[in-house]
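Asks: Sequential numbering of the sequence shown, starting at 35, is according to this note's numbering.
Honestly, the hints are just simulated from the structure, not real lab data. What you are looking at is a predicted structure, and each value in this text was computed from that prediction instead of being measured. We put the CB at the ideal spot given by N, CA and C, even for glycine. Do not rely on the hints blindly, as some may be mistaken.
Calculated lysine-lysine pairs in the DSBU-like style (CA-CA distance at most 35 Å, straight line) [to be verified]: (1) K242 to K231; (2) K242 to K135; (3) K361 to K419; (4) K135 to K371; (5) K268 to K135; (6) K386 to K419; (7) K231 to K209; (8) K231 to K135; (9) K209 to K268; (10) K242 to K268; (11) K135 to K361.
Computed Cβ-Cβ distance ranges for the label pairs, DEER-style [unchecked claim]: (12) A240 to E262: 54 to 64 Å; (13) V275 to L400: 17 to 27 Å; (14) D132 to T377: 45 to 55 Å; (15) K232 to E76: 27 to 37 Å; (16) L174 to T354: 46 to 56 Å; (17) G421 to N383: 23 to 33 Å; (18) P98 to A240: 36 to 46 Å; (19) S134 to N365: 46 to 56 Å; (20) T377 to Q350: 13 to 23 Å; (21) K232 to S134: 19 to 29 Å; (22) R308 to E363: 53 to 63 Å; (23) E76 to Q315: 51 to 61 Å.
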Amino acid sequence: MTDKFTVVQDTPTNPENDRMMTMQVSVAPGHVFFCRRVEIPEDVEDSERESYLQLQLEGMSPFPLEHLQFGFCVDNAERYAYIYSGYRRSFDSAEMSDWSKHEVVIPEFSVGVLAGKGEEGSPLLLVSDSSISYFEFDDLSEIPCYFESFPRNTGGDGAVRPASGDLEDVTERLKDRIGEESPRIWNAITNITIEKKKYEFQATEAGKSIAVQVEREVLWNMDLRDPESVEQAKQEEQRNVIIWRVVLAVAAALALLVFGELLWFGERGYLNLREDWNAEQAPIVERIISQQTTINELLSFQDSDLVPFDMLVAIQPFLTDAVWFTKVETNGTNSLKVFANATSNGQVNQFKARLDRFVKIDTVELENIQSRPGGATFTAFIYFKTGSFATRGVIEEVANNG
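Throw the hints in and build the complete structure from the sequences for me.
Replies: The following block contains the structure:
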């Protein structure tokens, strides 16, 4: 199995790195997060992992997921995950409004999570722009087993004071845990460089550079933006890559055509070709736009396996005139979030009881049941069993009430 992230050997800092392509990165202060390393049970499938970790996040925080910005990182063995979340109001609202303009939004302690263990595995203090984070490691995984983060102190003018003073304060606060041991000290670098489809985090220690290379999927998992925003950014990035490939292919073909004409016709033929060039551009542009439209439609179709429609069709037989849906949303891979009305609270409970007997449904949860004149409103989370719906082209029974 290829490692999802690889630590690069320590090398002297190189000013050439400043000339490499970098991502548009926004970092969040480390001290606003709840963090924990959790073990991933062996029976959790890859497709279920994200949902499982979100449940762990919600249980770890006093706030529901709707009020959190969260992310996670899975180790190379896929046995442990480092999960973190922060209360939405803890983040600067002006910075959050700019998150959509960036390619990735991550905690500023990310390089410590990914590369902090190194070869030594001793405790680490990571100095960032707005916080100092402390990590401990063990033999079970390369990601931390313990974490604390402290805000950097600012002067009266709002400027961050030198790190040495903050390090003394943090070391004093951690003295009961650290004892006589001297932790390693890293300085985090905000930039993420791109080289050969690898994304590289960096930090420095005593004049040397520490780097860790990750795949793009790791950054998507660590991204703090809402899942809907992350998915939209993914599709936009894929779309841009395909469009650029098409444009470059067309440009290359046109360049070869022009070069061939130059060789074949010589100078006179080339001048004649240039006279017709402007007239030929209009259909080429139309073809590129047509190709882009086709690509967008293919991507949209590719991202939809029509399973949500199968879910709706499957529960249709359990509806009565006393219960009707006002809105339905997908809630992960195998679940629906249903907003509905009923003529009474009793009809709500009867609707749930009918669904509980359905062999394809794992659980049904009701929330926000409110009595109103003429009936009740409620929200139902319907979780289907994994594998309940076949791929397109497989005909199966849509409802069986057992």
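Asks: To test your reading of the hints: which numbers does this structure violate?
Replies: Checked against the structure, the hints that fail are numbers 7, 9, 12, 13 and 19, while the rest are satisfied.
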